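Whole structure, please, built from the sequences with the hints as guidance.
Letter by letter, the chains look like this.
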Amino acid sequence: MQEFIDLLSKVIFFTIVATIVLAVVTYAAYKVRNARKGPTAAQRTPVLGEDGAFLEPVLFEKYTPDGSTKEEG
Amino acid sequence: MGKKPRLYPIMFLTVVLLSLFAAIFIHAVTEVKGYYFGQRSIFITLSISMLMFFLFVLILRYLFLLWFSFMQQLEFIGRPDDTYLPMVSVLVPAFNEEKVIGQSLLSLLKQDYPYFEILVVDDGSSDRTYEEACKFMGDYGAAKVRVIRQPNRGKAAAHNLAISVAKGELVLCVDADSQLAPGTITHMVRHFSNPGVAAVAGNVKVRNRVNLWTKLQALEYIEGLNMVRQAQGFFRSVNIIPGPVGMFRRSILLSVGGYESDTFAEDADLTLKLVSFGYGIRYEPRAISYTEAPKRLLDLVKQRYRWTRGILQSMKKRPEILLQPWKSLTTFFILWYMMFEAVLWPVMNIFANVFLIGMNLAYGMVGLLIFWFLQLTLLDMVAAVHCIAVEEEDLKLVPLALVYRLFFILIVDVCKVLATVEEVLGFKMSWGKLTRYGTE
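First to last, the sequence lines map onto chains A and B. Last residue of the first sequence? That's 73 in my numbering, and every number before it is there in order. Last residue of the second sequence? That's 1440 in my numbering, and every number before it is there in order.
A couple of the hints might just be wrong.
Said to hold, decoys possible - In silico DSS-like links for lysine-lysine, alpha-carbon gap of 27 Å or less:
1. A/31 <-> B/1317
2. A/31 <-> B/1215
3. A/37 <-> B/1295
No lab work stands behind these hints, which were simulated from the structure alone. As the structure is a computational prediction, the values presented were derived from the model and not from experiment.
Next up, the structure:
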């Protein structure tokens, strides 16, 4: 039994260490790749509806709702 | 889903696993009390006490989540669908989704709802997304498909454009890679027959279960995300309406200003905005959206990095809801729980791992290491068995719970902690578009 516990603890131990290393390395790889790539250039395309009409950008007016539709409970 | 006879053996197994867990926990506490306490430094004694307390909190967390998700499950079993059938607009913002947009639209056209429109917004894609979507444009009887374009302004702006031109009383927001299960719209709409319901969150599942990463994510979605959402649904306070499937009352979206583009998790941001205004948000487990999960570790890290920073950005915008329990106690608790999941638990998990490794190296305390993981793994097994049974999911996912905690969650938590540090330090970030493979 003691041998099994020792083996299990070693498996857990090495898995934790390997996982943390893997996570940090992957994170660093992501950051490096991101830094190299830079911001993505947005492609400028016309704003068209299905009938070819121009659609204005949407800017909603903000106001605080009166809460009349709040659900109880 | 929800067949009672199938629940009994699963509940029995859950009780057995919980009992086993309790036995190990009691044994661990006895061992720690009898052997470790008082023999080492104050730091070690305090650390072990803290970990034991944390484990206790975690047990309570699982018990509460299991109980309330079960209650929520009982709440909708056998309840007939309503006859309330307003027009629904399905909004599909798409940016460079040429590989998946066709499959997504096909699944939407298979919905059995009698009166809906599908509105695709191409967010200035550089590939053939617009052309692929246009192939579906037209009148299909119950459904109409419209496709519009905008310059690349981001997902939030694409959503807002769609909301502004939508004709439906209700809007269903989905991702361009989402494939909806039949009946999703019908199941969600029935909640809105209650005029007090502002939004309904759906159930997201992983579609591409092709390798270890995607299978572990499938388990995570079922056990980690949907169980939590289901429990929150019991209190009508779901804290994140997922991007792949969420239905809203259009008038309320317009009144709160729609989506905002100043965070990297626009779905979490909108949900918190609705919550901060006091709106009730429900959960519908039968509204299923199958989504494509990252197949590679690098993509997974990219996704979790964006989620973590996005959630923190959304919460930073509204700190007052974390400090005003008198406005809504349920919301207050659920938002603090969100903070616990996003920040506190990952930090504690990594601390526990590093501490236990240190104790193993310095003092050969192998017992603590084994107890810690045995208990957490058993908790995960219990939760996995329960959730998989309730959702009638693939039982082959249950054994993955053995490596879920030790391997998968640790990687995700390392990513969450590093992303949190970057957010606190104010590092710049970009959206980080995931690679789509278009798997069936």
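Against the structure, the hints:
Restraint check for residue 31 of chain A and residue 1317 of chain B: the C-alpha separation of about 25 Å stays at or below 27 Å, so the hint holds. For the proposed pair residue 31 of chain A and residue 1215 of chain B, the alpha carbon gap of about 25 Å is at most 27 Å, so the pair holds. In summary, the hint linking residue 37 of chain A to residue 1295 of chain B is supported, as the alpha carbons are separated by about 21 Å, within the 27 Å threshold.
Hint violations for this structure: none, all hints satisfied.
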